[in-house]
Amino acid sequence: MFEVDCRGLSCPEPVINTKRALKSHAEGVIVLVDNRVPLENVTRFAHAMGYNATSVEKDGEWKITIKK
Amino acid sequence: MEKSEKRLTSMVKTSGCAAKLPPSVLHSVIDKLPVMTSDRLVVGFEGSEDALVYKVTDDIVAVETVDFFPPMVDDPFAFGQIAAANALSDIYAMGGEPNCAMNLLCFPSCLDISVMDKILRGGIDKVKESGAIIAGGHTISDPTPKYGLCVTAFMDKTKVWRNSGAKEGDVVVLTKAIGVGVINTAVKGGEASPESEKAALDSMTRLNKEARDAARDLMVHAATDVTGFSLSGHSLEVAENSGVTVEIDTKKVPLLPQAEELARFGFIPEGMYNNLDWVNGKVYYSPSIPLSIRDLMLDPQTSGGLLLFLPEKDGETLVKRLNKDYVRIIGRVKEKGEYSVEFI
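Just so you know, the sequences run in chain order A and B.
Counting in this note's numbering, the first sequence runs from 20 upward without gaps.
Counting in this note's numbering, the second sequence runs from 1435 upward without gaps.
Careful, some of the hints might be misleading.
[Said to hold, decoys possible] A few chain A positions that, by computed beta-carbon distances, are all more than 12 Å from chain B:
1. Pro31
2. His44
3. Ala45
4. Ile49
5. Val75
6. Thr84
[Stated by the list, open to error] Facing chain A, according to a computed beta carbon distance under 7 Å, are these residues of chain B, among others:
7. Lys1622
8. Gly1677
9. Thr1679
10. Arg1698
11. Tyr1707
[Claimed, not checked] Here are the simulated EDC-like pairs of lysine to aspartate or glutamate, each with C-alpha atoms no more than 20 Å apart in a straight line:
12. A/Lys38 x B/Glu1694
13. A/Lys42 x B/Glu1625
14. B/Lys1447 x A/Asp53
15. A/Lys38 x B/Glu1625
16. B/Lys1440 x A/Glu32
Hints in this document: simulated from the structure, not taken from any laboratory.
Given the structure is predicted, the values throughout are model-derived calculations rather than measurements.
Glycine included, each C-beta is placed from N, C-alpha and C at the ideal position.
Build out the structure end to end from the sequences listed, making use of the hints.
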């Protein structure tokens, strides 16, 4: 799956980058974040777009898998 | 890039009232500070008041407040207007009329000096509208621009509104729509509609003067203004200080255009999550409230409206007098229950 690295970015950038990535990879993407704010916001965005979003945390970083 | 072409909002990490320190952090320090007392100090740190009230004569008090923050809009004139309206609001929230104001400005050396001129002119514009005078101030060279005012009002000591004293049976009136934190976040990402952006700008630059004037002769039991700690946080402060429970009907809370949609799509400022941590366990959100609406109840507002607690008849009079769709009765005050604030 296409990976969007949003580590170190602050909102709304992670949401904007996820939106762009989903435009070219409509089947789904993986988003990497290192803060709970983009974790929550990207998850909200995925749900609002009709996707499922699941996240796994490791060492203060999250891997959000977004797919239909 | 030319000096003057730099976008103001690109120079800041957090903006407007969303740049406030998280309430939990702030309280962990100020709650332990030594409390200064004086016969002349009528209101100090206690009860989370933003302003201090100082006895000048037996009848007259001085209300003093200071507020400043980094820009949430790119137009420097509008930023000056918003920062001034926000600082002046602390006086209106206490029922006063601002008398004099001073500038507080942090300005980066990389910006064109004309930007500074526009920020200060925006401030003057709003102070003029308030009827106060502005002079003097202080400027610091700082990589992140910040602007605000120190404002003083002299008033009858019996006419000061406090953020405590709300009584069972009161209604809660809010005088501006909610959602500027979310909209400002979306504007940064180029995702807010022009209509939404304009509505947020109009709301942030609007003085709370008219709302204060309209409520002046009514039986206001408690008042505050809704800023960085959100509708949830500021309702909580009044509820806790008054020993009551405040019930707010989310369907009645006025929202800015597109705010719900933008919240649903995740354009949420960090301050919302800080507010959520702070109110946890003290504020109840009915499970029937959609997540986007709950988020908006926690959205940090910049230059938000007044939140007034007054008898039902007076609340209705106030809403009728102001006659705007964004001025509404949004809740009521009940006997203290398990939670200090309940959103239904």
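To see whether the hints hold, each was checked on the structure:
The non-interface label for A/Pro31 is inconsistent with chain B: the shortest C-beta to C-beta separation is roughly 4 Å, within 12 Å. For A/His44, the shortest C-beta to C-beta distance to chain B comes to about 18 Å, beyond the 12 Å cut-off, and the non-interface label holds. Once the 12 Å rule is applied to beta carbons, A/Ala45 is consistent with being away from chain B; the minimum gap is 17 Å. For A/Ile49, the requirement that its beta carbon stay farther than 12 Å from each beta carbon of chain B is met, with the minimum near 17 Å.
Listed as a non-interface residue, A/Val75 keeps its Cβ farther than 12 Å from every Cβ of chain B; the least gap is roughly 19 Å. With 12 Å as the threshold on Cβ separation, the claim that A/Thr84 sits away from chain B holds: the shortest Cβ distance comes to roughly 16 Å. With a cut of 7 Å, the hint placing B/Lys1622 at the interface with chain A holds, because the nearest CB-to-CB distance is about 6 Å. For B/Gly1677, the shortest C-beta to C-beta distance to chain A is roughly 33 Å, which exceeds 7 Å, and the interface hint is violated.
With its C-beta approaching chain A no nearer than about 28 Å, B/Thr1679 sits outside the 7 Å limit, and its interface hint is violated. Interface restraint check: B/Arg1698 against chain A, minimum CB-CB distance 5 Å, threshold 7 Å, status holds. For B/Tyr1707, the suggested interface contact is upheld, since its CB lies about 6 Å from the closest CB of chain A, less than 7 Å. A hinted pair counts as satisfied when its Cα atoms are at most 20 Å apart, and A/Lys38 with B/Glu1694 qualifies at roughly 18 Å.
Proximity of A/Lys42 to B/Glu1625 is assessed by CA-CA distance (about 15 Å); at most 20 Å being required, the pair is judged to hold. Between B/Lys1447 and A/Asp53 the CA atoms are separated by roughly 16 Å; this keeps the pair inside 20 Å, and the hint holds. The hinted pair formed by A/Lys38 and B/Glu1625 meets the criterion: a straight-line CA distance of about 11 Å does not exceed 20 Å. Distance hint between B/Lys1440 and A/Glu32 is fulfilled; the C-alpha atoms sit about 18 Å from each other, no more than 20 Å.
The structure does not agree with the numbered hints 1, 8, 9 stated previously, though it agrees with the rest.
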